[in-house]
Amino acid sequence: MRKIDTQVIYEQIRQMALFCNCNVNEDVIKALKKAEQTETSAPAKFALQTIIKNDGIAKQKDMPACQDTGMAVVFCEIGQEVCLQGEFLDDAINRGIKDAYEQGYFRKSVLDPISRINTKDNLPAVIHTQIVKGDKIKLSFLAKGFGSENMSKVFMLTPSQGVDGIANAVVETIKQADSNPCPPVIVGVGIGGTFEKASLLAKKCLLREVGSTNNDDTLAQFEKDLCDKINALGIGAQGFGGNNTCLAVFADKYPTHIAGLPVAINVQCHCARHMTVEI
Amino acid sequence: MKRINLPLSKHDISTLKAGDCVLLNGKMFTARDAGHKRLVDLIKQNKPLPIDLENASVYYAGPCPNKPGQTIGSCGPTTSGRCDSYTPALLQCGLTAMTGKGWRNDKVKQEIKKQGAVYFAAIGGAGALYADCVKKADLIAFEDLGAEALYMLTVADFPAIVAIDSHGNDIYENR
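Protein chains in written order, with our numbering: chain A, 1 to 279; chain B, 1001 to 1175.
It is worth saying that the hints were derived from the structure and are not from the lab. Here the structure is a predicted model, which is why all the values come from computation and not from measurement. Heads up, a few of these hints could be off.
[To be verified] Here are the computed distance ranges between Cβ atoms for each label pair:
hint	chain 1	residue 1	chain 2	residue 2	range
1	A	Phe146	B	Gly1069	53 to 63 Å
2	B	Asp1041	A	Asp62	53 to 63 Å
3	A	Thr38	B	Met1001	21 to 31 Å
4	B	Arg1003	A	Asn215	44 to 54 Å
5	A	Arg2	B	Asp1170	52 to 62 Å
6	B	Lys1113	A	Glu26	42 to 52 Å
7	A	Val8	B	Gly1168	51 to 61 Å
8	A	Phe146	B	Asp1041	19 to 29 Å
9	A	Cys83	B	Asp1170	28 to 38 Å
10	A	Thr38	B	Lys1010	57 to 67 Å
Idealized CB from N, CA, C, for every residue including glycine.
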């Protein structure tokens, strides 16, 4: 048994939230710079240049790259050999988010869905806890903005729709979203499982590094083909046209029922802010 | 890039073309869905508005809180489409310019043309860069809405693109 005090988790979450919101992921900035160099549409080039400049200012001035500092999504993979001590896990995570959003002067965007009354501390976070093998904890933080979250969709396809049906669902979702999710976007695709499993897979895909290749050869090809199809839509950066609608497509799969083919598409804007640490 | 002074005259607006890169200078007030809902409720009830809409410019934004000594926190545009159902009423009350991000629906486009107004697209996700363009931020109304309260911003060289011009040309359609 390895004993870990949840105070350590609190501190890691606080630091990740403070850092991520002001520092767009380097792999994303690299992809944006590459897109800017090849962009032929003048307004889209202007948009990409503005975004790259913005991400530099945010980093330099230690201020949020985007005012939508998001709803906090936390993935917590706990090794079975770990014995947690101290404060209740969810309370420690939420306290880390609360303190980071206060100390960083981040926007508090979370509210009751019915009364629409703001909780004023950006709580609660959305926490996904999973027990895994081993004696370590893997913590991931994602600041999820809602311009892109609002454009995400779940489809319960029929088995006969197959791989083409999955591809159509993804392309149609991005086509309909058009300029709203702040393209160039990153697209997470969860295939199979159940209604909620597909969504969770799609969300987790957003933690992948832009430029990384899927370990599954079929999915790797699927990702590449879909990325090309989306870029052929001509929506472009901020919807201003051109060939940079999408920086990456990331897909994951899980076995599903003989009667179904769930597909979840989670859209991430260019302002991708996430981080993973191991304790 | 064209330097634009707000408020815009009808003549100035008529010279703007979809796709023009501009730098906005002058005053615009912030409002998102919640602020719009309240403004339209007041209009419907014939009650006085907390702001004069004649020739006014709106910026769809809900900024981050400002750090001590800062004029404003990060303040990029939010999705304009969420205000579409309220926009025609505001345009009919004299609003001439809107700045936000993303496409607008047909009703908004028709009203833009009818009233001779203009819609600018700012760059979504560029919150830190836009905070640098804001020289003054004064609370006007609906303080209880927090980030969605109405603020009057004074901006300088705020980069944007003419997205829908007064002649009805739409950058999101002709690309």
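**Request:** Give me the numbers of the hints this structure contradicts, sorted from smallest to largest.
**Result:** 1, 2, 9, 10
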